[in-house]
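Line by line, the protein sequences are chains A and B. Count along the first sequence from 1, then add 353; that gives the number in our numbering. Count along the second sequence from 1, then add 74; that gives the number in our numbering.
Quick caveat, the hints were computed from the structure, so don't treat them as lab data. Be aware that a few hints might be false.
Simulated restraints, written as ranges between beta carbons of each label pair [said to hold, decoys possible]:
(1) S420/A with E113/B: 22 to 28 angstroms
(2) E113/B with R521/A: 44 to 50 angstroms
(3) S396/A with M75/B: 39 to 45 angstroms
(4) D94/B with S410/A: 36 to 42 angstroms
Only pairs whose alpha carbons sit at most 30 angstroms apart, straight line, appear in this in silico DSBU-like list of lysine-lysine [stated by the list, open to error]:
(5) K473/A with K421/A
(6) K81/B with K473/A
(7) K421/A with K529/A
(8) K384/A with K425/A
(9) K116/B with K425/A
(10) K473/A with K529/A
(11) K473/A with K116/B
(12) K384/A with K529/A
(13) K529/A with K116/B
(14) K529/A with K81/B
(15) K116/B with K81/B
(16) K425/A with K81/B
(17) K116/B with K384/A
Keep in mind it's a predicted model, so treat the numbers as computed, not measured. From the three backbone atoms N, C-alpha and C, an ideal C-beta is built for every residue, glycine too.
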Amino acid sequence: MSGDSVPFALPLQRLATSASETTTLFSELRKPLLRYLVCLGLSADEAQDVVQEAFLSLHRHLSAGGSKQNIKSWLFRVAHNRARNQQNRYDRRFGKPLDDDADSISEEATPEQAVLEREKFQRLSQAMSELAEAERECILLRAEGLRYREIGEVLGMPTSTVAETIERTIRNLAEKCNV
Amino acid sequence: MCELSTKLVAWLDGELEERDVAAIEQHLHSCRECRERAERYKNVSGMIRGYGDATLASREPKGTMPMWAPVLGVAASLMLLLAFVVRARVGRFSGMQPKIAVASAPEAPPQSMAPVAAAPVATASVGAGPALPSQQARVHLKRTQREPIESANSGLRNANAGAEWPAGPAIEIAIPGEAVFPPGAIPAGFGFVADVNIASDGSAQRMRLHPQLTGFGEGANQ
């Protein structure tokens, strides 16, 4: 190997490996991240931007030899913080209730089922909008399959607090939604 | 309300330790109220997941393809190609034959190498003929600093004293979409341009990906 190319070889090899890992994580976690962000109140475009920035950060993190442990919660934390910055910047109201165009949830139902389903989701949407910020964030991260420990890492709270918050919120939502 | 009912959600989430799991499951056999409660918690958890999907569906623009799915696929392929191309070019600039050539690329025609000889800028065309197919990814790469290449290329620089450093990308790669994606993954006339800044240590400092909906230059007319 030429002496001049040696300094480039290792960083580039790491770069290629990092790109491959980032691609795998992207296909796995893009939709959960988008779902979490739009449920926090971002528009689809804003959520796309945040997800792209989060994955670029991940790529830089991995190509710089950063830790690969807890990557899922790392990504959610980066996306969460960026979403928070956007919220502060635009004074956006998080937790906007679902619009009437949530028709996609009942496309295959009979008219009666569709009405019931719509009512049920409207109740849930209303109840979600009334949750405290931490409650909503815990519940949404749980819905994306994060463990309590990971949720604690994303939101910066102890695992025991996460467990209590989730238990209280689920009980509250079950009562309000009358399921 | 049973004392154990406060652990039902954690039990559903698989967050309890084994001895607690055994206690809860034993309790559920004998307590109908807790069984019903657990069922309600399970139902509302399913609704929350549906709420996320419905929210996402209601906010996404209808009738447009999700643009980000293939982006990092391009990025990954790009990085692999970049690794080969840069190493090949470093070897060329230093007057040595590179150990690794761009194996999948046709040899660049002599006329396309002329600008390279006039200035220390590498231009590589990988897998693309003069008439580019409409489904392709095209990549522009920019270095953040010129010093490392200049020092690696001092002989060439001296031989070309007075040559202007061009404003365009240091390296340009055009990759046919078919070489990166499975058939039909990219609609006709759709592609990406990626700008990557390479630092002096060879790491990518910044990457910007620009989706293009109308094809690229002459390729759009094919």
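Outcome of the hint check:
| no. | hint | verdict |
| --- | --- | --- |
| 1 | S420/A with E113/B: 22 to 28 angstroms | 40 angstroms, violated |
| 2 | E113/B with R521/A: 44 to 50 angstroms | 19 angstroms, violated |
| 3 | S396/A with M75/B: 39 to 45 angstroms | 41 angstroms, holds |
| 4 | D94/B with S410/A: 36 to 42 angstroms | 38 angstroms, holds |
| 5 | K473/A with K421/A | 41 angstroms, violated |
| 6 | K81/B with K473/A | 26 angstroms, holds |
| 7 | K421/A with K529/A | 40 angstroms, violated |
| 8 | K384/A with K425/A | 13 angstroms, holds |
| 9 | K116/B with K425/A | 24 angstroms, holds |
| 10 | K473/A with K529/A | 10 angstroms, holds |
| 11 | K473/A with K116/B | 15 angstroms, holds |
| 12 | K384/A with K529/A | 28 angstroms, holds |
| 13 | K529/A with K116/B | 15 angstroms, holds |
| 14 | K529/A with K81/B | 20 angstroms, holds |
| 15 | K116/B with K81/B | 13 angstroms, holds |
| 16 | K425/A with K81/B | 26 angstroms, holds |
| 17 | K116/B with K384/A | 22 angstroms, holds |
Checked against the numbered hints given earlier, the structure breaks hints 1, 2, 5 and 7 and satisfies all the rest.
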